[in-house]
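Trainee: This is what each chain is made of:
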Amino acid sequence: METPRDTSAPPSDPQPSKGSQSAAPNLAGSSPQRGGSSLSDSGRTGRRGDAIFKFASSGSGVALLVIMAAIAAFLTVRAVSAISADHGNFLTTSDWQTQADPITFGIAAIALGTLISAVVAMVIAVPVALGIALFISHYAPRRIAQALGYVVDLLAAVPSIVFGLWGALFLVPHMIGVNAWLNQYFGWTYIFHQNEPGTQPRSLFTVGIVLAIMILPIITAVSREIFLQVPRAHEEAALALGATRWEMIRTAVIPFGRSGIISASMLGLGRALGETMAVATVLSPSYVINLHILDPAGSTIAQTIANQFGESQGTGRDALIAAGLVLFVITLLVNGAARLIIARRKEYSGADA
Amino acid sequence: MAKRIDVSGLNAYYSNFRAVEDISMTIEPRTVTAFIGPSGCGKSTFLRTLNRMHEVIPGARVEGKVMLDDENLYGANIDPVAVRRTVGMVFQRPNPFPTMSIKENVAAGLKLNGVRNKKVVDEAVERSLRGANLWNEVKDRLDKPGAGLSGGQQQRLCIARAIAVEPRVLLMDEPCSALDPISTLAIEDLIGQLKEQFTIVIVTHNMQQAARVSDRTAFFNLAGVGQPGRLIEIDSTEKIFSNPSVQATEDYISGRFG
Amino acid sequence: MSSLATTSQLSSSLTERRLPRWMPAVNLALAVLLAVAIGAGFNLSSKPQWLLIAAILYVVIQYVTSAVVEGRRHAKNYVATSLVWVAFLLALLPLISVLWMTISKGIGVINANFLTHSMNGVAINQEGGGLYHALIGTLEQVAIASLLAAPIGILTAVYLVEYGRGNKLSKAVSFFVDVMTGVPSIVAGLFILSFWIIILNMPFTGFAGALALAILMLPVVVRSTEEMLKLVPNELREASLALGVPKWLTITRVVLPTALGGIVTGVMLAVARIVGETAPILMLVFGADTINMDPFNNPQSSLPLFVWTEYSRGTDQSQARAWGGALVLIAVVMILNLVARGIARWKAPKGATR
Numbered sequence: 013m014e015t016p017r018d019t020s021a022p023p024s025d026p027q028p029s030k031g032s033q034s035a036a037p038n039l040a041g042s043s044p045q046r047g048g049s050s051l052s053d054s055g056r057t058g059r060r061g062d063a064i065f066k067f068a069s070s071g072s073g074v075a076l077l078v079i080m081a082a083i084a085a086f087l088t089v090r091a092v093s094a095i096s097a098d099h100g101n102f103l104t105t106s107d108w109q110t111q112a113d114p115i116t117f118g119i120a121a122i123a124l125g126t127l128i129s130a131v132v133a134m135v136i137a138v139p140v141a142l143g144i145a146l147f148i149s150h151y152a153p154r155r156i157a158q159a160l161g162y163v164v165d166l167l168a169a170v171p172s173i174v175f176g177l178w179g180a181l182f183l184v185p186h187m188i189g190v191n192a193w194l195n196q197y198f199g200w201t202y203i204f205h206q207n208e209p210g211t212q213p214r215s216l217f218t219v220g221i222v223l224a225i226m227i228l229p230i231i232t233a234v235s236r237e238i239f240l241q242v243p244r245a246h247e248e249a250a251l252a253l254g255a256t257r258w259e260m261i262r263t264a265v266i267p268f269g270r271s272g273i274i275s276a277s278m279l280g281l282g283r284a285l286g287e288t289m290a291v292a293t294v295l296s297p298s299y300v301i302n303l304h305i306l307d308p309a310g311s312t313i314a315q316t317i318a319n320q321f322g323e324s325q326g327t328g329r330d331a332l333i334a335a336g337l338v339l340f341v342i343t344l345l346v347n348g349a350a351r352l353i354i355a356r357r358k359e360y361s362g363a364d365a
Numbered sequence: 132m133a134k135r136i137d138v139s140g141l142n143a144y145y146s147n148f149r150a151v152e153d154i155s156m157t158i159e160p161r162t163v164t165a166f167i168g169p170s171g172c173g174k175s176t177f178l179r180t181l182n183r184m185h186e187v188i189p190g191a192r193v194e195g196k197v198m199l200d201d202e203n204l205y206g207a208n209i210d211p212v213a214v215r216r217t218v219g220m221v222f223q224r225p226n227p228f229p230t231m232s233i234k235e236n237v238a239a240g241l242k243l244n245g246v247r248n249k250k251v252v253d254e255a256v257e258r259s260l261r262g263a264n265l266w267n268e269v270k271d272r273l274d275k276p277g278a279g280l281s282g283g284q285q286q287r288l289c290i291a292r293a294i295a296v297e298p299r300v301l302l303m304d305e306p307c308s309a310l311d312p313i314s315t316l317a318i319e320d321l322i323g324q325l326k327e328q329f330t331i332v333i334v335t336h337n338m339q340q341a342a343r344v345s346d347r348t349a350f351f352n353l354a355g356v357g358q359p360g361r362l363i364e365i366d367s368t369e370k371i372f373s374n375p376s377v378q379a380t381e382d383y384i385s386g387r388f389g
Numbered sequence: 014m015s016s017l018a019t020t021s022q023l024s025s026s027l028t029e030r031r032l033p034r035w036m037p038a039v040n041l042a043l044a045v046l047l048a049v050a051i052g053a054g055f056n057l058s059s060k061p062q063w064l065l066i067a068a069i070l071y072v073v074i075q076y077v078t079s080a081v082v083e084g085r086r087h088a089k090n091y092v093a094t095s096l097v098w099v100a101f102l103l104a105l106l107p108l109i110s111v112l113w114m115t116i117s118k119g120i121g122v123i124n125a126n127f128l129t130h131s132m133n134g135v136a137i138n139q140e141g142g143g144l145y146h147a148l149i150g151t152l153e154q155v156a157i158a159s160l161l162a163a164p165i166g167i168l169t170a171v172y173l174v175e176y177g178r179g180n181k182l183s184k185a186v187s188f189f190v191d192v193m194t195g196v197p198s199i200v201a202g203l204f205i206l207s208f209w210i211i212i213l214n215m216p217f218t219g220f221a222g223a224l225a226l227a228i229l230m231l232p233v234v235v236r237s238t239e240e241m242l243k244l245v246p247n248e249l250r251e252a253s254l255a256l257g258v259p260k261w262l263t264i265t266r267v268v269l270p271t272a273l274g275g276i277v278t279g280v281m282l283a284v285a286r287i288v289g290e291t292a293p294i295l296m297l298v299f300g301a302d303t304i305n306m307d308p309f310n311n312p313q314s315s316l317p318l319f320v321w322t323e324y325s326r327g328t329d330q331s332q333a334r335a336w337g338g339a340l341v342l343i344a345v346v347m348i349l350n351l352v353a354r355g356i357a358r359w360k361a362p363k364g365a366t367r
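Protein chains in written order, with the working numbering: chain A, 13 to 365; chain B, 132 to 389; chain C, 14 to 367.
Calculated from the structure, these hints are not laboratory results.
Accuracy of the hints is not assured; some may be wrong.
Some chain A residues flagged as far from chain C (calculated, every beta-carbon gap over 12 Å) [to be verified]: (1) Ser96; (2) Asp107; (3) Thr116; (4) Val131; (5) Asn195; (6) Gly199; (7) Asn207; (8) Pro209.
Once the Cα atoms are required to be at most 27 Å apart in a straight line, the calculated DSSO-like pairs of lysine-lysine come out as [to be verified]: (9) B:Lys326 - B:Lys234; (10) C:Lys184 - A:Lys66; (11) B:Lys242 - C:Lys89; (12) C:Lys89 - B:Lys234; (13) A:Lys66 - C:Lys243.
Every residue, glycine too, gets a C-beta built ideally from N, C-alpha and C.
Throw the hints in and build the complete structure from the sequences for me.
Mentor: See below:
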């Protein structure tokens with residue numbers, strides 16, 4: 013993949029550089045060097061260079077497609093071999109027994125855990141992130157706003173393992189009180205009921221909170237960017253009609269940014285679904301279906317892969333690859349849905365890009 | 132219903148920069164008043180102080196008095212939101228809300244002000260679109276996006292949107308500068324009709340336009356780059372264009388400016 | 014026309030009644046007092062609960078007073094403002110907490126020894142040791158990943174912008190770049206595992222990890238480069254082509270240099286993103302406590318993997334090292350970000366936004 017820069021002779025320089033005594037002879041002198049006298053000849057080096065360069069760049073594009081196809085293909089091949097050895101139903105079994113005999117495993121529990129933790133994260137993160145984005149773009153004093161935007165961009169780059177470390181060593185001990193409170197007053201909602209009150213809150217709920225904090229900066233950064241692009245003309249039009257600031261945001265800012273908000277959220281959702289380390293540090297996994305999200309139970313696909321990988325061989329590994337394929341498909345669907353929504357809204361949003 | 136505007140001792144600032152200095156003038160109801168002057172002379176800034184849109188820009192502030200009949204727009208207890216509803220504004224570039232249909236655009240102001248009754252809204256939409264000479268062109272596609280109209284139609288849509296909330300005064304900031312001659316003519320005709328109901332103030336760079344549409348003309352100028360803009364004179368349009376009392380006005384109008 | 018200004022449902026008074034300036038302060042005091050009363054009365058032990066009750070009461074009281082005096086529209090505006098502020102403050106707490114914990118706990122571990130030694134022969138409950146081996150591993154893996162991903166990514170972007178405008182292949186590539194952006198890092202790791210290690214039977218090495226990192230980096234590079242190339246004004250291309258310069262030279266000598274600053278920034282931001290990836294490294298590089306300079310043979314370590322291993326060893330001493338590793342990792346990421354932004358500002362093409 014090297015650029016074919018040195019494959020051709022020098023005549024790249026558009027202006028003749030050698031011998032600039034007089035204009036006319038110089039022009040004449042430089043043309044044969046460039047092959048300028050004959051039209052068909054002049055394109056020769058250019059055409060070959062063009063062909064090579066075009067081949068290299070379109071080849072890169074094709075390579076990217078090949079990689080994507082290979083990911084799907086290789087994962088599928090291994091997954092099929094694993095699923096054929098599975099003694100349980102891959103889709104409905106919740107257990108994950110790849111060392112035992114007979115081998116039984118299925119994604120029911122871990123796929124559910126993945127979804128639950130991602131939903132908790134989205135429910136918390138999206139409104140808060142939109143609030144911060146609006147704060148930075150429309151409420152905060154300008155000088156503070158710029159600094160804040162910068163800080164958010166930097167926070168978006170903090171590696172997930174750091175959030176995981178913080179979640180496990182700081183948040184988990186501090187969640188005990190919150191969990192007890194939720195269980196006491198909201199236990200009747202079923203999802204906040206604790207089977208064994210007082211257990212370590214290494215639960216899907218805590219995971220959801222860590223994921224929420226982790227995806228907060230990225231959703232904020234993207235939607236702030238969108239909110240800042242709202243044309244001043246639209247905002248002023250709303251204000252000139254006698255809108256309060258909030259009404260201006262509702263009539264001019266939110267409609268303009270809607271598709272951007274959706275894609276920002278989907279970006280966050282994608283990260284939450286695929287996040288491995290922040291989950292692996294916080295959650296104590298078990299392969300059961302449990303909808304009480306405060307209980308230390310359940311697991312996610314990514315965590316299962318990371319946790320089981322070290323001690324798996326052969327079919328065990330292939331089983332993990334099968335789980336990975338499921339995760340891959342889920343993220344594909346999420347991304348595809350986001351793109352569809354954006355494409356459908358594009359016509360009406362007036363945004364060019 | 133149209134109201135008189137009485138400005139006295141008005142200064143407008145962007146942070147520490149004084150953009151407009153010590154302006155006093157009276158704008159008569161049911162007339163068209165044109166603001167003319169070179170770029171940067173503060174006429175748009177001054178226009179925006181008349182409905183408190185100036186202070187929307189961070190760091191911008193206003194000193195002085197703007198009386199709308201007998202209320203000072205900059206007095207204590209005055210709600211800028213209510214001011215903007217009473218003093219409508221049309222901008223240089225047509226700016227219909229891109230996510231709304233034609234009808235929703237016109238109804239936007241009413242919706243904000245809590246008018247929910249569908250019949251009332253529909254009537255107001257038709258009345259405003261007729262008032263903006265746009266009804267016949269769009270009555271069959273009220274649910275299509277407003278951004279799909281031509282530039283001139285968009286600007287008339289914006290005028291319809293502004294008059295739908297029944298303001299007393301209509302401010303127009305170079306409303307034709309982004310339009311072709313035919314659309315400009317349509318807007319100018321419309322201004323002639325609207326002045327029966329509204330006090331109209333229009334900023335324009337086009338002297339012929341000022342001469343065509345306005346009853347009174349105010350000339351603004353600035354002493355130099357970085358200096359604040361000032362009002363040089365305001366008089367009947369006829370007088371300003373035939374026999375102004377200040378030499379600078381005559382120089383500007385006859386093209387001998389600078 | 015004459016019927017225009019009739020049926021006015023709209024109030025025309027300019028002097029809407031406003032809340033006095035001191036009202037929010039009074040309401041706040043009232044809310045705090047009530048919250049304290051409730052907290053003490055119901056014997057709620059947790060102070061954050063008191064704070065929460067106070068915040069909720071404040072918003073409610075403010076809404077009611079504003080609705081009574083100023084009307085519903087202003088009251089709604091007020092609630093929206095409060096909620097935006099609350100969202101901001103609420104989010105600030107954990108984010109600051111993450112940074113503060115990392116810095117305060119990590120700074121105590123970091124010294125010259127920590128940065129220049131490996132974990133070779135250090136027992137898990139022993140102090141000392143360091144992350145030199147992890148630093149080496151990270152640098153090598155990220156460098157290899159960048160060498161693989163940057164040229165392919167930049168060339169793909171060139172294809173999308175300069176050659177394939179709108180044709181079927183470029184649409185497909187563009188679509189799959191988006192899809193690739195969403196591929197979880199662990200899935201990229203699994204792919205390399207199944208292809209490189211299981212099928213080709215290669216060993217666990219730094220290079221295997223770098224392959225997965227390159228996959229994660231590729232779409233980011235493509236997207237950012239694409240944006241930058243789109244910013245290059247068409248006049249430049251046309252001017253060059255009109256001089257008889259072939260297209261590929263126009264691209265390499267005119268278009269790419271113009272966008273160079275932005276491209277470099279994009280690559281560095283992509284690097285900053287993959288530096289912190291743990292999952293694929295865990296699966297493919299496998300981890301080591303000793304210094305291994307050779308990314309093509311035998312397992313290595315890396316900074317995020319170091320944090321993970323030390324955390325999971327579970328002793329006080331090793332978790333302290335985990336914080337130290339996290340701090341170094343954040344520092345590396347921040348430096349990469351700042352340098353990238355510095356380049357962006359310094360090399361910004363004229364006429365581009367910001």
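Trainee: Now tell me if each hint is right for this structure.
Mentor: Right, here's what the structure says about each hint:
1. Ser96: 16 Å, holds
2. Asp107: Consistent with the label, Asp107 (chain A) stays out of reach of chain C, its closest Cβ about 21 Å off (over 12 Å).
3. Thr116: 21 Å, holds
4. Val131: 17 Å, holds
5. Asn195: 14 Å, holds
6. Gly199: Consistent with the label, Gly199 (chain A) stays out of reach of chain C, its closest Cβ about 17 Å off (over 12 Å).
7. Asn207: 23 Å, holds
8. Pro209: Consistent with the label, Pro209 (chain A) stays out of reach of chain C, its closest Cβ about 16 Å off (over 12 Å).
9. B:Lys326 - B:Lys234: Holds, at about 24 Å.
10. C:Lys184 - A:Lys66: Measuring from Cα to Cα gives roughly 17 Å; hence the hint holds.
11. B:Lys242 - C:Lys89: 15 Å, holds
12. C:Lys89 - B:Lys234: Holds. Lys89 (chain C) to Lys234 (chain B) sits at ~25 Å (cutoff 27 Å).
13. A:Lys66 - C:Lys243: 18 Å, holds
The structure meets every hint from the earlier list without exception.
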